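Listed here are the chains, written in short residue letters.
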Amino acid sequence: METLRSMMQTLPLLLQAAVATILISLVSLCFAFLIGTAVCAVSFSRSRPLRWLGMAHVHFFRGVPLLVQLLMLYYLLPVLGINMSSLTAAIIAVSFCSSAYMAEILRGGFLGIPPGQLEAAHLLGLSGLQTLVRIQMPQALRLTLPSLVNEVLLVIKASSLVSVVGVAELTRTAQNIAASNYRPLETYFLVGVAYFAINSLLSRLGHLGERRLARAHTS
Amino acid sequence: MKLDLSVLTSHSGEILGGFAVTLETWIAGVIIGSLLGLAIALLQLRGGRWLNRALRTYIEIIRGTPFLVQLFFLYYGGPSIGLDLQPVAAGVLGLSLYGSAYFAEVFRAGFNSVPMGQLEAATCVGLNHWQTVRRVQLPQMLVIIVPSLCNTIIVLSKETAVLSVITVPELTGVLTGIGSLSYAFVQVLMTLCVGYLLLVELTAWFGRWVERKVGRFMIR
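Chains A and B, in that order, give the protein sequences.
The first sequence: position 145 = 1402 (this note's numbering), numbered continuously.
The second sequence: position 114 = 1354 (this note's numbering), numbered continuously.
Among the hints, erroneous ones may be present.
[As the list claims (entries may be wrong)] Computed footprint of chain A on chain B; a stretch qualifies when at least three of its residues, placed anywhere within it, have a C-beta under 8 Å from a C-beta of chain A:
1. 1314-1327
2. 1351-1362
3. 1371-1379
4. 1402-1412
5. 1430-1437
[As the list claims (entries may be wrong)] Listed next, the stretches of chain A that the computed footprint assigns to chain B, with coverage defined by at least 3 CB atoms under 8 Å from CB atoms of chain B:
6. 1317-1324
7. 1332-1338
8. 1430-1442
9. 1445-1459
Please keep in mind that the hints were generated in silico from the structure rather than gathered at the bench.
Bear in mind that the values here come from a model prediction, so they are computed numbers and not experimental data.
Glycine residues also receive a C-beta, built at the ideal position from the N, C-alpha and C atoms.
Hey, can you work out the whole structure from these sequences and the hints?
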């Protein structure tokens, strides 16, 4: 009973922190999608140095653990004379890390479109931009949606690492609560449930979106 | 700005020690995790409704929560239920449990990729369940899953960095420690990047080599 009451007291704090986790993840995901699209575009470019740059981006941000990337931004930017809040640093780090995965997902989507369609679009007199917007993008989105939803879930989980540089999201708040109420087992269990709930909800939404797109495709 | 690398050379012993801890926890996590994962996948092949539901829940819970929270739960929450672990032990246990869910999914996909007709054929020639698993399913699926197995192993190598948060003296922990003592963050973090990139790229390269070697046995 005692445990239950003390856990109930922490709920408002945890809910607030859950909102912070979701916001940090969603903002990072938006930036990651933009950067990832750019990197993906670069990887299809005709210039070899540009392609090489895109590849270096993907290899670096996928090869180094997110925690190390976070620490790099957090410790190295002050050395260069740039001061930013830990929240900004965290969002930048998560965005760049996720952008490498997004770029690879999108690249796979564009490669999955049969080349015959591009030839057909060219024969029908569609311009390059029209082909991209009307033929390639809708299909690439449909093909990559499951992987993109998966990436959203990965980023929600990865955002827990942001706690290490002191951003007050779910994990950090849990640490603070556990330090004050001496109930780490219950607190971390509750936070695990919170992450699980957020992820289940988002994956449900993702499935809904997939079905929508699939239906639009068949009709 | 001139880079003074003497910080690295004067601490080379500690850095190598940290790298060794990274390798040890990683390899231990991969071995224990993959064995657990294989056991889960094998049980899922045979298990009844309730066992399967329990295993599914285990996998979903591990895959639906962050590794860092699992670690905190084990390391800080463990003592209140009598599970008092040293950082390294908690790290290896956490990494193994985390890996086991992902390995189980890889193995399950592998088992499913063996065509149904072969299983029926195995029953027809009189093989029992375990003979079918051992002689028909395992040899084929071990070849098919090499790429996703490597992927999971690489993911685990990067997760070892998170162990530094629960004070495991692995590469990230040791190097950031040196950094905050000497303020040589540039050198220290560059070493970290190079270390992990080497680890990941070498593993990926080795995975592709195994894939090529083992792929010859598959007739497509």
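**Q.** Whether chain A covers the region 1351-1362 of chain B (at least 3 residues having a Cβ closer than 8 Å to its Cβ atoms)
**A.** violated (count 0)
Q: Test coverage of the region 1317-1324 of chain A by chain B using CB-CB distances below 8 Å; three residues minimum.
A: holds (count 7)
Q.
Tell me whether the statement that chain A covers the region 1430-1437 of chain B is true, taking a Cβ distance below 8 Å and needing three residues at minimum.
A. holds (count 4)
Q | 8 Å C-beta test of the region 1332-1338 of chain A against chain B, three or more residues | A | Holds, because 3 residues of the region 1332-1338 of chain A bring their Cβ atoms closer than 8 Å to Cβ atoms of chain B.
Q) Taking a Cβ-Cβ distance under 8 Å as contact, does the region 1430-1442 of chain A have three or more residues in contact with chain B? A) Three-residue rule met by the region 1430-1442 of chain A, so holds; n is 6.
Q | Coverage of the region 1371-1379 of chain B by chain A (three or more Cβ within 8 Å) | A | Since 0 is below three, the answer is violated.
Q) the region 1445-1459 of chain A covered by chain B? Criterion: 3 or more residues, Cβ-Cβ distance below 8 Å. A) With 8 residues in contact (Cβ-Cβ under 8 Å with chain B), the coverage given for the region 1445-1459 of chain A holds.
Q. Are there three or more residues in the region 1314-1327 of chain B whose C-beta lies within less than 8 Å of some C-beta in chain A?
A. holds (count 5)
Q) the region 1402-1412 of chain B covered by chain A? Criterion: 3 or more residues, Cβ-Cβ distance below 8 Å. A) holds (count 4)
Going through the hint list in order, the structure does not satisfy hints 2, 3.
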